[in-house]
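Asks: Required output: the full structure, derived from the provided sequences and hints.
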Amino acid sequence: MFIESSVYPFLNPLKENWSIVLAELQALSQTYFVEWPERDIYKGNWRVFALFRLGVPFEDNVKSCPETARMLQEVPGLVNAGFSSLDSGVYIGPHTGYTRQVLRCHLGLIVPEQCGIRVGQEVRSWSPGSCFVFDDTQEHEAWNQSKSKRVVLLFDFKRDPGAELTEFPDDLDDYKL
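Here the sequence shown stands for residues 12 to 188, where the numbers follow this note's numbering.
Honestly, the hints are just simulated from the structure, not real lab data.
These numbers were taken from a predicted model, which means no experiment stands behind them.
Please note: incorrect hints may appear among the correct ones.
[What the hints assert, rightly or not] Each computed DSS-like pair below joins lysine-lysine, with the alpha-carbon atoms no more than 25 angstroms apart: (1) Lys160 with Lys54; (2) Lys74 with Lys26; (3) Lys26 with Lys169.
[Stated by the list, open to error] The calculated label-pair distances, taken between Cβ atoms and stated as ranges, are: (4) Ala174 with Val18: 15 to 21 angstroms; (5) His106 with Glu175: 23 to 29 angstroms; (6) Lys26 with Gly66: 17 to 23 angstroms.
Beta carbons: idealized from backbone N, C-alpha and C, even for Gly.
Replies: Structure (structure tokens):
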């Protein structure tokens, strides 16, 4: 269910410069993070700091993370992007994404042990600088059973960078990533 990131060479700058992304993350105030809007799929504190939504930058947030934003803008067909933070004890239950038109990527930044994600039948965990891609329309769940926070850079990109997105929900007011 996971797709090796090596299939997508445009991810290399993010993987090679993950420590720059981490430094920009660590400079952010946690007060700028907001709750993930789909509260019915998780228990605990899942918060996000959005950088792009439907390819459009959140200007103030992008200014706070200029190098991260620059590298993300090099991803062909970038749709949504931001930092995804799970506090200790968070469990995101089984769910599926909105569209097969995009793939989801996670870049590990702050990744304590006892954190993981299941996509289909396959389970993985993150390590600092690790990067993996998956189709989030496959059932997946994630958890943080550690005693500290887990943060990844989460972003979606189009399978076909030139295609128009036609499968997203009509009402995206609450959709932060």
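Asks: Determine whether the Cβ-Cβ distance between Lys26 and Gly66 falls within the hinted range of 17 to 23 angstroms.
Replies: holds (22 angstroms)
Asks: Take a quick look at whether Lys26 and Lys169 sit within 25 angstroms of each other, Cα to Cα.
Replies: With Cα atoms ~19 angstroms apart, Lys26 and Lys169 stay inside 25 angstroms; holds.
Asks: Does the structure keep Lys74 and Lys26 at a Cα separation of 25 angstroms or less?
Replies: Status holds; Cα separation ~21 angstroms.
Asks: Confirm or reject the claim that Ala174 and Val18 have a C-beta distance inside 15 to 21 angstroms.
Replies: holds (18 angstroms)
Asks: Could you tell me whether the CB distance from His106 to Glu175 stays inside 23 to 29 angstroms?
Replies: holds (25 angstroms)
Asks: Checking one constraint from the list: CA of Lys160 to CA of Lys54, max 25 angstroms. Satisfied?
Replies: holds (14 angstroms)
Every hint, counting from the list given before, is met by this structure.
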